[in-house]
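Starting from the given sequences, assemble the full structure and let the hints guide the process.
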Amino acid sequence: MATMAQAIRMALAYGEQHLGVTDIFGEDVGPPLGGVFTCTQGLQTAWNSPLDERGIVGAAIGLAIAGQRPVAEIQFCDYIFNTIDLLKLATNSTWSSGGEFNFPMVIKTTTGSGVHGSIYHSHSFDAIATHIPGWKIVYPSNAVDAYGLMIAALKDSNPVLYLEPKAMLRNKCAERIPGEPEDERALRDMIDAPLGDRKNWKPKWPEGLTDFTVPIGKAKLCRTGADATVVSYGRTLPLCLDAADALVKEGIHYDVLDLRTLMPYDWDAIAQSIKKTGRVLFVNEDTEITNFGEHLLRRTVDEFFYELRVRPRVLAGKHVPGVGMAPTLEDASVPQLPDVLREMRELATEPE
Amino acid sequence: MDERKNRTTQNGMPDWTPQLQLRIHDLMVTTRTVEEQAIRMVRSGDGWFWIGAPGEEALSAPLGLQVRKGQGLDNDYLHLHYRSSPIVLAMGAQPIDILRQMGAKATDPFSRGRNFVNHFAIRKWNVAPMAPTIETQFSIAIGTGIAQRRHGGTGITIVNGGDGGTHEGDFATCLVWSTRPGNELPILMVTANNKYAISTGSCTQHGTPIVERAKAFGIPSRSIDGNDVYSSWKAIAEGMEYVRSERKPFFIEASVSRLNGHSSSSGANRVEEEDCILRFEEKLLHQELATRKELDRVWEKRREEMAQAYEIVKSEPFPPGEDIYRYIFAEPKDQYYDPGSKSQPGDSNNKGGR
Ligand SMILES: Cc1ncc(C[n+]2csc(CCOP(=O)(O)OP(=O)(O)O)c2C)c(N)n1
Numbered sequence: 001m002a003t004m005a006q007a008i009r010m011a012l013a014y015g016e017q018h019l020g021v022t023d024i025f026g027e028d029v030g031p032p033l034g035g036v037f038t039c040t041q042g043l044q045t046a047w048n049s050p051l052d053e054r055g056i057v058g059a060a061i062g063l064a065i066a067g068q069r070p071v072a073e074i075q076f077c078d079y080i081f082n083t084i085d086l087l088k089l090a091t092n093s094t095w096s097s098g099g100e101f102n103f104p105m106v107i108k109t110t111t112g113s114g115v116h117g118s119i120y121h122s123h124s125f126d127a128i129a130t131h132i133p134g135w136k137i138v139y140p141s142n143a144v145d146a147y148g149l150m151i152a153a154l155k156d157s158n159p160v161l162y163l164e165p166k167a168m169l170r171n172k173c174a175e176r177i178p179g180e181p182e183d184e185r186a187l188r189d190m191i192d193a194p195l196g197d198r199k200n201w202k203p204k205w206p207e208g209l210t211d212f213t214v215p216i217g218k219a220k221l222c223r224t225g226a227d228a229t230v231v232s233y234g235r236t237l238p239l240c241l242d243a244a245d246a247l248v249k250e251g252i253h254y255d256v257l258d259l260r261t262l263m264p265y266d267w268d269a270i271a272q273s274i275k276k277t278g279r280v281l282f283v284n285e286d287t288e289i290t291n292f293g294e295h296l297l298r299r300t301v302d303e304f305f306y307e308l309r310v311r312p313r314v315l316a317g318k319h320v321p322g323v324g325m326a327p328t329l330e331d332a333s334v335p336q337l338p339d340v341l342r343e344m345r346e347l348a349t350e351p352e
Numbered sequence: 353m354d355e356r357k358n359r360t361t362q363n364g365m366p367d368w369t370p371q372l373q374l375r376i377h378d379l380m381v382t383t384r385t386v387e388e389q390a391i392r393m394v395r396s397g398d399g400w401f402w403i404g405a406p407g408e409e410a411l412s413a414p415l416g417l418q419v420r421k422g423q424g425l426d427n428d429y430l431h432l433h434y435r436s437s438p439i440v441l442a443m444g445a446q447p448i449d450i451l452r453q454m455g456a457k458a459t460d461p462f463s464r465g466r467n468f469v470n471h472f473a474i475r476k477w478n479v480a481p482m483a484p485t486i487e488t489q490f491s492i493a494i495g496t497g498i499a500q501r502r503h504g505g506t507g508i509t510i511v512n513g514g515d516g517g518t519h520e521g522d523f524a525t526c527l528v529w530s531t532r533p534g535n536e537l538p539i540l541m542v543t544a545n546n547k548y549a550i551s552t553g554s555c556t557q558h559g560t561p562i563v564e565r566a567k568a569f570g571i572p573s574r575s576i577d578g579n580d581v582y583s584s585w586k587a588i589a590e591g592m593e594y595v596r597s598e599r600k601p602f603f604i605e606a607s608v609s610r611l612n613g614h615s616s617s618s619g620a621n622r623v624e625e626e627d628c629i630l631r632f633e634e635k636l637l638h639q640e641l642a643t644r645k646e647l648d649r650v651w652e653k654r655r656e657e658m659a660q661a662y663e664i665v666k667s668e669p670f671p672p673g674e675d676i677y678r679y680i681f682a683e684p685k686d687q688y689y690d691p692g693s694k695s696q697p698g699d700s701n702n703k704g705g706r
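In the order they appear, the protein sequences are chains A and B.
Reminder that position 169 of the first sequence reads as 169 in the numbering used here, one-by-one numbering, no gaps.
Just remember that the numbering used here sits 352 ahead of the position in the second sequence, which is counted from 1.
Watch out, some of these pointers could steer you wrong.
[Unchecked claim] Here are the simulated DSSO-like pairs of lysine-lysine, each with C-alpha atoms no more than 30 Å apart in a straight line: (1) 421/B / 645/B; (2) 586/B / 421/B; (3) 635/B / 645/B; (4) 586/B / 155/A; (5) 318/A / 88/A; (6) 600/B / 199/A; (7) 88/A / 476/B; (8) 276/A / 218/A; (9) 653/B / 635/B; (10) 547/B / 586/B; (11) 421/B / 88/A; (12) 586/B / 653/B.
Quick caveat, the hints were computed from the structure, so don't treat them as lab data.
Put into structure tokens, the structure is as follows:
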């Protein structure tokens, strides 16, 4: 029943104790705050950096060169854009050095809409991130996966971009992380920093935490159905689940795939489902032009053109400069449940 | 001759022996001749783009000789720029390897034919992978600095760049991060000021000497004549000593020449600026550490060596096209992308994608 923020925090604590994590840093990441979303409260190696995103990414690369295992945070992905050339260096330096150097490092950053964040706390980064070869990119949609993907990221020898759907960080998971206490109140008392003075507070990490790993590159089939396929990740994944559950009442059964890893993505899982249903929709909330879903759609057309029953589709954010403050503007900009439901219904019912 | 070589000179440094001076001279000539050979490769179509060191030898050969060379935190980390070849040559890199990178050959040990010439990556000597992105090395250097601060000991981080590069935010990043109170970083910053960024005069873009920016952060700094071997050696020795023992940053702004213009894009032709090697040779002759003939012999020998190296490099192959899928990820080498497989590079089931 942990929240996604608690899951990330516990995985990082496990990483400090067992996986050699040396530095967890970024703006407001260390004490007293422990991250603007509380993901780094109470961690031993967490520290506050200057308000300098380029410095944060540069420091992570340098730490990796020096044999450390850093986890660096960009507070909101809206502010990661001025680091893109450094993100490129983090991976192309392995390539350009002919494999001489590799960079075991994690950059975590909060993404997406859903918190009334207006123009600069609602950006997505998956479309641009997937344009940078060499990064492994993970994007959990629930707390259990958030834990397991972080463990996988901390074990990887390559840069891993860990995208956190900010609207879901406080969501509780129906399932339990291995080693998580049964009582969620108890968990809160153990690992949530108290309000007010925290100087003398220390977390008590659950003793039973394990290195439960969600392998990078493996999607999860969350619902099974023979009529159509929907592939999503992050904030829009639960929308797809809700829509799929609603459509069951209409006699429509969906395969719902949570991609979980954007790079390298689980094409086998997607392909298998498309071969079964012949109908596929890719859903995400980044802007729709040169969107990652477009790549998946292109590949779908390339490989399954003659097997598709109806045209494949992408539902993504509108190609507008930002997500506006008014709820009406936000709803019109990024996919909401009614949009997903409509698209999924149309896809499944369009005559061949 | 023997007596002459054992005599120390009057520069106030005990290790400043004739042998050392002649060694520096040889390194400067080695650098210059390998760069000249590289420029010839552009002209003969054996390479495409050249950018390099002529003009920075008096600064960088003394720097390279004073590096604590090796792998890991107890040794120095180097974050260099594309005019740093005297540093790696002084550390022991082979001139032929620079020509291999110039020719983009499969044998290029720094980048396997992928990067521009003079873009080094030498893990066993802590030489961080270099990129043409100006000044990013100043943002990356803070990371090795943080690791070395935590580790203790006397290993330091050295970062080297140009004057135009200091206009990038990365320079300010290095100044800020290396002077956080209680978390100062052991970083030696060396800016080679050749007065230009391609065609733009630096004096048209900033109003105060670069060194003043470091001073504003409380960083001990020196402004030196980087065309003078003695001033360079001394400032670097002093800077290194300070950083090694105090575990705090030190800044050097060295004025240097840019002897072949910016790069091959502007022709790489020799321009009328002070030549630090000729200046150093005058000093050597004046001290009677060598005769003109002996110095000329050094040039001849190195030129011959570069010509021979070029002949070898010329016959070496380019990397095969399917090499592009190698080293995208750090993986055991036998697990790389199999160009014969049907899957695409982005797939999780493809070997290059995991
Ligand atoms: C970030 C970035 N911007 C622009 C360029 C193109 N560029 C290459 S060299 C150069 C000038 C660099 O000047 P300076 O730092 O003074 O070094 P110098 O070449 O004079 O040694 C420029 C603008 C680049 N390589 N990287």
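Hint numbers the structure violates, sorted upward? 1 and 4
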